[in-house]
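**Student:** Listed below, chain by chain, are the residues.
Number of protein chains: 2
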Amino acid sequence: MKVEIITIGDEILIGQIVDTNSAWMAVELNKAGFELEQITSVHDREDHIVQALDQALTRADVVLCTGGIGPTKDDITKQTLCKYFDARLVFNEEVLRHIEDLLRHRRRAINELTRTQALVPDKALLVPNRVGTAPITWFEKEGKVVVSMPGVPYEMKTAMSSDIIPRLQQKFTTPEVIHKTVLVRGIPESALAITIAGWENNLPDTLHLAYLPDFNLVKLRLSAVSFTPELVKAQLEHHLAALRNILRDAILAEDDIPAEQLIVERFAAGRLTLATAESCTGGNLARRITSVPGSSAVYKGSVVAYSNEVKTQVLGVDTTLLERVGAVSSEVAEAMAVGAKRLLHTDYAVATTGIAGPGGGSDEKPVGMVWVAVASPGGVISKEYRFSLGRQLNIERTTQTAMLLLLDLLRGVRPESLL
Amino acid sequence: MKVEIITIGDEILIGQIVDTNSAWMAVELNKAGFELEQITSVHDREDHIVQALDQALTRADVVLCTGGIGPTKDDITKQTLCKYFDARLVFNEEVLRHIEDLLRHRRRAINELTRTQALVPDKALLVPNRVGTAPITWFEKEGKVVVSMPGVPYEMKTAMSSDIIPRLQQKFTTPEVIHKTVLVRGIPESALAITIAGWENNLPDTLHLAYLPDFNLVKLRLSAVSFTPELVKAQLEHHLAALRNILRDAILAEDDIPAEQLIVERFAAGRLTLATAESCTGGNLARRITSVPGSSAVYKGSVVAYSNEVKTQVLGVDTTLLERVGAVSSEVAEAMAVGAKRLLHTDYAVATTGIAGPGGGSDEKPVGMVWVAVASPGGVISKEYRFSLGRQLNIERTTQTAMLLLLDLLRGVRPESLL
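Chains as they are written, first to last, in this note's numbering: chain A, 1 to 419; chain B, 1 to 419.
The reader is advised that the hints may include incorrect statements.
Because identical chains share one entry, a pair is satisfied inside a single copy or across any pair of copies.
Under the rule of at most 30 Å between Cα atoms (straight-line distance), these lysine-lysine pairs were calculated in the DSSO-like manner [stated by the list, open to error]:
1) K157 x K2
2) K219 x K157
3) K2 x K83
4) K233 x K73
5) K157 x K383
6) K123 x K73
7) K144 x K123
8) K180 x K2
9) K233 x K2
10) K219 x K144
11) K171 x K233
12) K157 x K31
What the hints contain is simulated information worked out from the structure, not anything from laboratory work.
One chain only, chain A, in its complex shape:
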């Protein structure tokens, strides 16, 4: 069953917001057995919305529209859908009471504008908006469904999970979607493609393979859509076993989960604790790790030592060492890791120090030069990396690199083969 998303709003097309909604919706739709055929972002303009709808309905059975249903003048999705489905806007008492309840809870008064949100198309089913004031509408025509929901992520997600996906599953019979992602460490994409070419050529048509290169990782995704899932799952398991035989230790994990989640899971399994000491990553390591629910069981905290003063006074890095070799050095990275491990009483500590840019570089220590150190029960090691990608990317890559280095050490990769 094919679904399309139309995101409506000038703010996406001028780049004021990044469309994170669609990726979330894609994941949920796939899980529920729907194929997402296309995502289209259009302006808050009647002719544009109508054209996108017309075209989407030629390809898909379900069109999910987000955005453009706020109470202000620039939002015209509701009016446009009314015209499209030849409906009239009528005042709905129940919606008004819901809006009043919600605003009372937020200690806000209703006004003439929020009141207009209670005007709803007479030909649409209403889907509850459990956490917002804009009504969510469900139109049907010739067996096809068009839903209009808010672009506010929390409202969209609540409606999708609680109501829209369950209703779609009731209306349509969906196949099972089978996905398997293998994280491969240490082999660049093209070398990997050659390594597994024989295996890849042996894959049956039912299994689709995709390469998704990530930083210092390649994700291999095997997927299938089937009404006979048991059969396909057995096929997948068979080919996966063959892949394991080829790649062996290069497989970091058999799940598409981020490094921070692998860290939390593996530290929890080993009853180990972790701390971080961050200079150039500026708290990003801590943020990524604490984004994992349950991370508090293994992660004690971080010292973001952005100034040298904090490196010496809080982490106990020797002032003369700092003066002699500079903050961006193997020695200081290691001293930071050892300092954090001691200060926060943990089994492991990871430290980062580097020049994220755009300023602060020199000939000897250019922007993008980074040292990562890991202190462990077995001692402390450090590695140098060079990035040259602009500040945000240098920070992200340093963070990712530090986590992968920690994971490699944890799974026993020998220090001399560390990436």
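Please build the complex by placing chain B on the supplied structure of chain A, with the hints as guidance.
**Tutor:** Below, chain B alone, put in the same frame as chain A:
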């Protein structure tokens, strides 16, 4: 001049990656005077790519395609464009030498697969890919332009900035785009719309107004596209002055910049220093602040005190206080802020403590309960907030709330009127 983006790749449509490229491209295209008409995400499938191209070319003069040009089997954009423009793939020595140079620099060997990247369509102009191996191609037909570039963000950005946008500007005459965004604090969207209704109705047709509600902020965006920019700028300035008269102190800033950048700019201007102490935000405050280039001039660092042990041993929070009132309390938030201010020797310190969820809540202290404290030269204050949005959003909103609270204090909002 209208432009469309087509992103090609199954990974976007199954939600494995979020399309951040398009928002970046939208901003850069707008700055350069191009209107982005539509963004379309399609599968790695020939018929789908061709249909999207056909439809985009009916609306736009320029179509920018990203993705699907890697060396692996699943990538078919190059082959599809060849068919579309009736071109042949020919081997290009110069591209091969570039690939060899690049791989040598990365200390990697060329292989048969990377070698195929040197096959390029004979009817396309080549745009240099300065940082990657996939060739970037520029097709022209009946005055319209189709460009195909990598989906890898760094490669796409380098090509867009260095080559593609300059070439487009050479080929097409573009108007000036005028944008002005005003950040309004403390008035919900619908109340704001009523407050400025008279002003809004007075706006000339040349100026377009959009409301962009953000958390605890509404962004008002005035925009215009014009070949007579001086005239429009004067109009805009005139209406902006009127808006200032209506909103006064509710205007937090007249620029679409994030709270962290306002903090760094205002602290730098006042020669003030800042530290943070983070429990529930887990390093996210530090990350946001250090994401601003030059933040090291004002920001000394953070103690991410994820465990209570770190709160007491590093930040000096009284153990008996923690036992008596619990970590999520006004008292502990304030003690953390005061502790960080003292430990890191700063003028200001912000602390967060709360229950991000999904676990850890109780009747008395439910998930989403958060305390934020700010220690300043004038003393320490704290405020309670309640969120109920899921872990990531609770973390994001707490971070944003803490930064806005700090900015309000800094600009002299009286403690009793703090939001």
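**Student:** All the hints need checking, so say for each whether the structure fits it.
**Tutor:** Quick rundown of the hints versus the structure:
no.	hint	result
1	K157 x K2	within (20 Å within a copy, 32 Å between copies)
2	K219 x K157	both (27 Å within a copy, 23 Å between copies)
3	K2 x K83	both (24 Å within a copy, 27 Å between copies)
4	K233 x K73	between (51 Å within a copy, 23 Å between copies)
5	K157 x K383	between (42 Å within a copy, 29 Å between copies)
6	K123 x K73	within (23 Å within a copy, 47 Å between copies)
7	K144 x K123	within (14 Å within a copy, 42 Å between copies)
8	K180 x K2	within (21 Å within a copy, 40 Å between copies)
9	K233 x K2	within (22 Å within a copy, 46 Å between copies)
10	K219 x K144	neither (35 Å within a copy, 36 Å between copies)
11	K171 x K233	within (26 Å within a copy, 53 Å between copies)
12	K157 x K31	within (14 Å within a copy, 32 Å between copies)
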